[in-house]
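J.: Please model the entire structure based on the sequences and the hints provided.
Protein chains in written order, with our numbering: chain A, 6 to 454; chain B, 179 to 567.
Since the hints were made in silico from the structure, they are not lab data.
Every residue gets a Cβ at the ideal spot worked out from N, C-alpha and C, and that includes glycine.
A few of these clues could be false.
[Stated by the list, open to error] Partial chain A-side listing against chain B, Cβ under 10 Å, derived:
(1) I18
(2) T124
(3) E125
(4) N310
(5) S360
(6) G376
(7) G377
(8) G416
(9) A426
(10) K440
[As the list claims (entries may be wrong)] Derived lysine-lysine pairs resembling DSS-like cross-links, with alpha carbons at most 25 Å apart:
(11) A:K91 <-> A:K53
(12) A:K91 <-> A:K49
(13) A:K146 <-> A:K188
(14) B:K555 <-> A:K14
(15) A:K367 <-> A:K350
(16) B:K503 <-> A:K402
(17) A:K303 <-> B:K180
(18) A:K11 <-> B:K503
(19) A:K300 <-> A:K319
(20) B:K555 <-> B:K503
(21) A:K14 <-> B:K503
(22) A:K451 <-> A:K402
(23) A:K435 <-> B:K190
(24) A:K14 <-> B:K190
(25) A:K201 <-> A:K26
(26) B:K558 <-> A:K402
(27) A:K278 <-> A:K193
(28) A:K402 <-> B:K554
(29) B:K180 <-> A:K350
(30) A:K11 <-> B:K555
(31) A:K193 <-> B:K558
(32) B:K555 <-> A:K402
(33) A:K14 <-> A:K435
[Said to hold, decoys possible] Listing some non-contacts, in silico: residues in chain A with all C-beta distances to chain B over 12 Å:
(34) A122
(35) S267
(36) E423
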Amino acid sequence: MSNTFKIRKGLDINLLGEAEKTISEIPSKLCAIKPPDFHGVFPKVLVKEGDEVKAGSPLFYDKYRENIIFTSPVSGKVREVRRGAKRVLLEVSVEAAAEQEYVDFGSADPNGLDKAAVTEKLLNSGVWPFIRQRPYSIIAKPEDDPKSIMISAFDSAPLAPDYDLIVQGQAEVFQTGIDALRKLCSGKLYLNVSGKAGVSSVFLDAKGVEINTFSGPHPAGNVGTQINRISPLNRGEIIWYLRPQDVLSIGRLFREGKFDASRTIAVCGSELKRPHYYRTMLGTSITEMINDNVKEGKVRYISGNVLTGTQIGKTGFVGFYDSQLTVIPEGDYYEFVGWALPGLKKFSFYYTFLSWMMPGKKYRLDTNFHGGERAFVLTGKFEQVFPFNIYPMQLIKAIMIEDIDRMENLGIYEVDEEDFALCEFISTSKINIQKIVRDGLNLMIKEMS
Amino acid sequence: MKALRNFLDKIKPQFEKGGKFAKLQSTFEAFETFLYVPNRVTLTGSHIRDANDLKRTMALVVLAMIPALLFGMWNVGYQHFLSTAAETGDIWQNFWFGCIRVFPIIVVSYVVGLGTEFVFAQIRGHEVNEGFLVSGMLIPLVMPPDVPLWMVAVATVFAVIFGKEVFGGTGMNILNPALTARAFLFFAYPKNMSGDQVWIAGQGDAVSGATPLGDALASTTTPGSSLTLPDTMDMFYGFMPGSIGETSTLAILIGAVILLFTGMASWRIMLSVFVGGLLMGYIFNWVGANAYMEISPWDHMVMGGFAFGAVFMATDPVTATQSTKGKYIYGFLIGFFAILVRVFNPAYPEGMMLAILLMNVFAPLIDHYVIQANVKKRRKRWAAAQVAA
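T.: Here's what the structure looks like:
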C-alpha cells in the first residue's frame, strides 16, 4: 500500500550554493563525537587522551542508560577530550591512523536473528544512537516496542543533501539495514520518499517497508511532518526514526561485522567556491573540506542546514546526525534604514519587500537578525508554514509559561524544535522559538520520567 | 553615512548602563535602530531570519493608511468650502486647508503617544515597541476634523496607558488603543465627538453638518422626518462629512489591497466583517419597521466608519482572535453588531467602534472555544488509540 501526501503549508527558501552532484573522496584525518548532539544524554568518558582506539571502540556512554555507548568512527589515537564550562563534555576527537582497524562485531543475517540479538549488536557497536524516537527526539530506548519506524528518504530543508545520490549503488546494504530494523518493531516500517522525479531505486525497491510519497514545500521532508500525516502520535506512543545514511551504517554492521561510519556530506552554501559532496567519515573535522574552498569575508560554518543546524568553528566537526555542512556569510553589520529599503536582495515570506517580484530567485542570506526581539504581534502566519493540526503560537505560549497540561493538550508530543524552524524564521517578532520548544521538550522529559 | 554611524558608536556608551544618559537608553536605542538595522546576529535556532521585522510591518500598515489620510485632508477642505457657500476651493485649496487642520492632530498624536511609550519602555527596561507607529496614525484618522488638540493629547495618553501599557505593552493589550482613544473622547466629551457641529472644520451655515449616519438616526428619533441619504457612489468615494480618514471607502479599499497583498492583515477578518454587516443589513431590510431599517445593506458598508473599522481596526492582530476559525466568527460578529448598534441604539450613531471594542473583549473567549475543540479532537484520538491497543 502506498499513499501520496501533499503538503501545502510550508516554505522553500532558495539559497545560493547548492551542492553540485559530484562526490570527492577525502580520507578523514580527524573525527569527533560530540555529546551535545544527543538530547538527554549524560556522558561518561571511557578513554583518555593518547589512548589507542579501533573503529567501534567505545568512547563514552550515557550515565543513566549504561547500555547506550558511543564508539569511535575511526581507528587511531584519542586526540582530545574537550570539556566546557562546568566540565561539560563537549567532544571526544580521534586522530585517524593510516591503516584502519575495526572492532569485529561479527557479521550476521538479521533475518536469522531475534529482536534481542539485533538490539545487542546495535548497542555494542555504537550504531544504536542513530535510532531516535519521537516524542522528544532523543535516542530510542532499546526496551521499547515502538508503534512504527519512520525513515525519511529525502530532506527538504534549504540546500539539503540529495539522499538519492548518496545511497546510489548501495541497495543491498540498505536492504540489510531495513531487515535489521524490521526485527526491532512489531509495527510497520515506513519509508517516505519525495514526490519529485528521480527517486532512487534503492528506496523504491526496498522490501518490507511501506513506501509513502510526500510532495510540497519544506517541511515535507521532516519526519515530524510525515508522522503527523501517516499516524500522529498519541500520548504514550513512541515512534522511532532514522535517516538513510544511518540505515546504511546498520546494513554494513550486519554484512561486514564492523562499525563503518563512512558518510557522504553535502558541503554547500553561498560562500563556497565549489559546493559539492565529500565522501568522508562520521563526525569529520571540516578543515579539509573547506580548505581553499571558501570565499573571502567573515563566514559562519553550520553543521546541518541553515534552519536547524549547529554553529561550528572553522576547525569544528560535522554533527552526529548531520549530512550537510553549510557556509553562509555572517551578518554583523549595521544597515542604514534597512527596514525601509525596497529590499530587492532580501528574502521574505511576507510580500513587504520588492523581492516578491522575482520568484525563484536564489538568495545569499546572512546571519543578521533583521530587527529586535518583540512580543508576538502578527497572528495566523505560523500556521501558513506549519503543516500540523496544532496551534503553534498557543503551544509556544504554553511552553513559555511551563503549563504541562496545556502543552500536552496542544500537541507537544507530536513536534520537536525542527518542526518550528520555519515559524522561527518568519517570526516578525524575532522570537527564538526553537529554543523555547526544546526547553519545553526537556521539561516534559523531566516531568514524565 | 559612515560619519553618522561613527557618531552613534561614539555616543552609545553614554547611554548604556552606568553612562551619563543611562536614563535615556530606550530612547537612544529606538532612534538608533530606526536609523540602522542592528548588527545583531543569530545565536540559537535558525541561522537565517526573514528580512521582515516589526518596524517594516508597522510601516507597511501606516503606508496602507496614506490614501485614506490624503483623501481625508482633501475632504476636510472640501466640506469646509462646501459649508461656507461664499467661497469654493479648487483641489489644492481644499487639500491645503485640510492639511493645515489635520497635520497638527497627527503631530500631537505621535509626539504624545511616542513620548508615553518611551517613558514606559525606559521604566520597564525594554526596547521601544513599534506598535504605536500604527496607533499614532489611526487616532487622527478616527477623529472629527474639529477636535481640539488638547483632547487628542489626553485621549492618546489615556489610550496608551490604559489601553496598552497596563497590560504589558504592544502585543499584550486587549483593546485596540486607537479605538480606546476614540471611545474615551466619545464618552468623556460627547459634544465634541458627535452631533452635527463637529464633522466639518470651520463650518459655515450653508449646510447641516450632520453625517449620513446622524441623518439616518434622526429619521428614527424625530417624528415626521424623512430620510434622504447622499448618493451611494458619493458616499463610496467619500464626499460626505465624517471623521478625517473614515469617509472614503475607495481610499480605504486601496489600503486594504496593500494590507492583504503584503499579508499584514487577515483577509478572513475583513471578509467576515463585511459578510456580517451585510447579513444584518438584509435582516433589517426584511423587517423594515422604519426608514433606517430600510437602508440598503450596501449603503451601510460605505457609511460612517464601517469600512475603516473593518480594514484597519478589526484586523489589528493583537486584539483580534488568533485562531483561523476564530477570525471568521470574530469578524462576522463585528459586522453584525455594528449594524445592530447603529440602527437600534439612538445614543450611538456609530456602531462600528463599539462593536469592535466589544469583540476585542470577547476575542480570547472565542479563541478559547476554538482551541478547546482542537484539544478535544486530540484527546479523542488518544482515547481511540488506547481502546485499539
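J.: Each hint: holds or not?
T.: Structure-based check of each hint:
1. I18: Holds - the Cβ of I18 (chain A) comes within 10 Å of chain B, reaching about 7 Å at its closest.
2. T124: violated, 22 Å
3. E125: Given a least distance of 27 Å, the restraint on E125 (chain A) is violated.
4. N310: holds, 9 Å
5. S360: Result: holds, 8 Å to nearest chain B Cβ.
6. G376: holds, 3 Å
7. G377: G377 (chain A) check passes; min Cβ-Cβ to chain B is 5 Å, inside 10 Å.
8. G416: The hint holds - G416 (chain A) has a Cβ within 10 Å of chain B, the shortest such distance being about 6 Å.
9. A426: At 5 Å from the nearest chain B Cβ, A426 (chain A) passes the 10 Å test, so the hint holds.
10. K440: Constraint on K440 (chain A) satisfied, holds at 5 Å.
11. A:K91 <-> A:K53: The hint holds at about 19 Å.
12. A:K91 <-> A:K49: holds, 14 Å
13. A:K146 <-> A:K188: The hint holds at about 15 Å.
14. B:K555 <-> A:K14: holds, 21 Å
15. A:K367 <-> A:K350: holds, 9 Å
16. B:K503 <-> A:K402: Satisfied, since the Cα-Cα distance of roughly 19 Å is no more than 25 Å.
17. A:K303 <-> B:K180: holds, 20 Å
18. A:K11 <-> B:K503: holds, 22 Å
19. A:K300 <-> A:K319: Holds - the C-alpha atoms of K319 (chain A) and K300 (chain A) are around 13 Å apart, at most 25 Å.
20. B:K555 <-> B:K503: Satisfied, since the Cα-Cα distance of roughly 15 Å is no more than 25 Å.
21. A:K14 <-> B:K503: holds, 17 Å
22. A:K451 <-> A:K402: holds, 19 Å
23. A:K435 <-> B:K190: holds, 23 Å
24. A:K14 <-> B:K190: Roughly 43 Å between the alpha carbons, so the hint for K14 (chain A) and K190 (chain B) is violated.
25. A:K201 <-> A:K26: holds, 17 Å
26. B:K558 <-> A:K402: Satisfied, since the Cα-Cα distance of roughly 23 Å is no more than 25 Å.
27. A:K278 <-> A:K193: violated, 44 Å
28. A:K402 <-> B:K554: Given pair K402 (chain A), K554 (chain B) holds - Cα atoms ~19 Å apart, limit 25 Å.
29. B:K180 <-> A:K350: Between K180 (chain B) and K350 (chain A) the Cα gap is close to 22 Å, so the pair holds against 25 Å.
30. A:K11 <-> B:K555: Given that 25 Å is the threshold and the Cα spacing comes to 22 Å, the pair holds.
31. A:K193 <-> B:K558: holds, 23 Å
32. B:K555 <-> A:K402: holds, 20 Å
33. A:K14 <-> A:K435: Since the Cα atoms of K14 (chain A) and K435 (chain A) sit roughly 21 Å apart, the hinted pair holds (cutoff 25 Å).
34. A122: Given that every Cβ of chain B is farther than 12 Å from that of A122 (chain A), nearest at about 27 Å, it holds.
35. S267: Given that every Cβ of chain B is farther than 12 Å from that of S267 (chain A), nearest at about 27 Å, it holds.
36. E423: violated, 10 Å
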